[in-house]
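> Line by line, the protein sequences are chains A and B.
Counting from 1, one number per residue, gives the positions in the first sequence under the numbering used here.
Counting from 1, one number per residue, gives the positions in the second sequence under the numbering used here.
Hints in this document: simulated from the structure, not taken from any laboratory.
It is possible that part of the hints are untrue.
One-sided and incomplete, this derived list gives chain A residues near chain B with beta-carbon spacing under 8 Å [to be verified]:
1. Ile-20
2. Ile-103
3. Leu-106
4. Leu-107
Think of the CB as a built atom: it goes at the ideal place given N, C-alpha and C, for glycine as much as any other residue.
These are the residues of each chain, in order.
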Amino acid sequence: MAHFRKFWIRFRIYTRFSKIRFIDRLSYRAHFFLVLTEYLLIIIVNYFLWKAILADGRTIRGYTLEDMVTYVAIAGVFRFIINELSGGISREMSGQYHSGELIMNLLKPVSYQLYIYFRAFGGILFQLLFRGATVLTIWALWVGLTPPDSPVPFIMSLIFGVLIYAGIAFLVGLTTFHIENNAGVLFATTASIELLSGTLIPLVMFPSWMVSILDYLPFKMIFYIPMQIYLGRLGVEETVSALTVQVIWASTLSIAGFFLFKTSVRKLTIQGG
Amino acid sequence: MALIEVQNLTKSYKTFKRKEGLKGAFINLFRREYEFVQAVDNINFHVEQGEILGYIGPNGAGKSTTIKILTGILTPTDGKVTVNGLVPYKQRQQHVKNIGVVFGQRTQLWWDIAVIEAFTLLRDIYEVSKTDFQEQLKKFDEVLGIGPLLHIPVRKLSLGQRVRCDIAASLLHNPPVVFLDEPTIGLDVAVKSNIREFIKEMNASLGTTMILTTHDLSDIEYLCQRSLIIDQGKIIFDGDLQKAKDELARERKIQVDLYERVDIDGIREQLKIAKLEFTRRNDYSLTISFDKDEISAIDIIQKILDHLHPRDIKIEEPTIETVVKEIYQKKSF
Ligand SMILES: Nc1ncnc2c1ncn2[C@@H]1O[C@H](COP(=O)(O)OP(=O)(O)OP(=O)(O)O)[C@@H](O)[C@H]1O
Ligand SMILES: [Mg+2]
Chain A
1 MAHFRKFWIR
11 FRIYTRFSKI
21 RFIDRLSYRA
31 HFFLVLTEYL
41 LIIIVNYFLW
51 KAILADGRTI
61 RGYTLEDMVT
71 YVAIAGVFRF
81 IINELSGGIS
91 REMSGQYHSG
101 ELIMNLLKPV
111 SYQLYIYFRA
121 FGGILFQLLF
131 RGATVLTIWA
141 LWVGLTPPDS
151 PVPFIMSLIF
161 GVLIYAGIAF
171 LVGLTTFHIE
181 NNAGVLFATT
191 ASIELLSGTL
201 IPLVMFPSWM
211 VSILDYLPFK
221 MIFYIPMQIY
231 LGRLGVEETV
241 SALTVQVIWA
251 STLSIAGFFL
261 FKTSVRKLTI
271 QGG
Chain B
1 MALIEVQNLT
11 KSYKTFKRKE
21 GLKGAFINLF
31 RREYEFVQAV
41 DNINFHVEQG
51 EILGYIGPNG
61 AGKSTTIKIL
71 TGILTPTDGK
81 VTVNGLVPYK
91 QRQQHVKNIG
101 VVFGQRTQLW
111 WDIAVIEAFT
121 LLRDIYEVSK
131 TDFQEQLKKF
141 DEVLGIGPLL
151 HIPVRKLSLG
161 QRVRCDIAAS
171 LLHNPPVVFL
181 DEPTIGLDVA
191 VKSNIREFIK
201 EMNASLGTTM
211 ILTTHDLSDI
221 EYLCQRSLII
231 DQGKIIFDGD
241 LQKAKDELAR
251 ERKIQVDLYE
261 RVDIDGIREQ
271 LKIAKLEFTR
281 RNDYSLTISF
291 DKDEISAIDI
301 IQKILDHLHP
311 RDIKIEEPTI
321 ETVVKEIYQK
331 KSF
């Protein structure tokens, strides 16, 4: 009980970091609509593309037009999350390292990794509550949207997917401590994550050799697997095993981040002052 | 065991030596040359609980590097450091719970929130009770005048305002060990003297151990019984600067203003004291320098009053600055 209380107190502190980021995101209104429009346009373009491809009841690898209508909308919203994580974790870490803000965080009895994660979660919450909800509402009213087949497993899987990408983004952020000019690294990872996690097209539509490689990597666990659960393409057993694999990936990546951060800090030299 | 122990501490920075120009940039791609900067070179010292240690030295001497190691954000190349029984860079998270740090040159507060929000966040992080927190806020408002600043976002504060909030933030949890690296940078005179008073008071009432780095030697004079002087990574003085001043700076100066024109030879003749050194300041004023251990100032002044017709007399004490300057120049004592 005492342990739980302590855990709860610490948890509350970290959620305050989430809140700070949430409020911060809320204060850029012009930006809000700009990004919203951009993402909505991408979804619309994708939609018309699939409408052309899957006309007259055609299917590709089991995907009907109705499936794809939902797929592109959820994927479009998920790209908000990916961008939030790339910006809020990798780019944020890089910025903090170069501005010296990292040091100030190291001087606090707070886990830097959790601090970074929770800030990003605050950003994600904002993306979902405002942009995500707006996009999905527009989509549901205008084109139509199939609700998730089994909402609870889907939400769990989505959360694990976010944690997996958070773990990857943290590792990418760490590399920026060692590479001076990292705009390229950050851009390349975001682009490949979007492709390999299945937010552009369902992964089964890739060549089969690529699909089998992707089976061994964590990327499809980020979005493709949650989406499979959403569409009801996994049976109960498959769902359970998918969730297990997700948990394993999420914890492995975060634990790796934990140790690599430790060694990175040890090698850190701090500029100025 | 002393509260802070530093043994054979060495830190060298490895820096990438850039070649200039286009050709240089091309060579850099293939062959990297590194340079090592020995910022701290095998230093030893310890600080007892309740001590305020002054840590001074010229620019680039290695002061901030030492403080960064002691606070756990930098790992030494060699040597051993313990603070309160913990090794800062190995047990960082545990260590930082018990310390307060001010780097005057950079903020410890989160940029994107208001000061009060940062404070309440720190309150929760350090597990300070709400009543203690209110009391601390009141105290800090009296000393640092931070009351009106509380609702301003940190990034909008002026340098001095920010430093004041930083000091408050770092002492909010009454840490037993405090590191102050140029804490009075950019502060106005009134606030500065308030802070000194406050630091002294905190040290007296709570027995807080502190290391203070500053270029303002009057801070040191007021607060520190013991000081270290570091230069080029080596400690060249460890002791009481006040005592050092008495021992090292024996030269005194008397400035005499006259009604008639200064005639040095004539004056020397009239005073008849050996080992005085006369310097003409202008037509109606001169300076007499002497060693305070050989001649008493009273004797000289007596003679001046007897033989000359002074308009004004001033005795100049050596300042702590001159002493420190002397130590920097001679490099070792
Ligand atoms: N990150 C770094 N990389 C390379 N060299 C560094 C780095 N930080 C400091 N140095 C060098 O180490 C030496 C000591 O620097 P330090 O910051 O400890 O000096 P300081 O005594 O605090 O000086 P100041 O009074 O100017 O603040 C200097 O020669 C400096 O150039
Ligand atoms: Mg310094």
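> Run every hint past the structure and note whether it holds.
Status of the hints after comparison with the structure:
no., hint, result
1, Ile-20, "6 Å, holds"
2, Ile-103, "5 Å, holds"
3, Leu-106, "5 Å, holds"
4, Leu-107, "5 Å, holds"
This entry satisfies every hint, going by the numbered hints stated previously.
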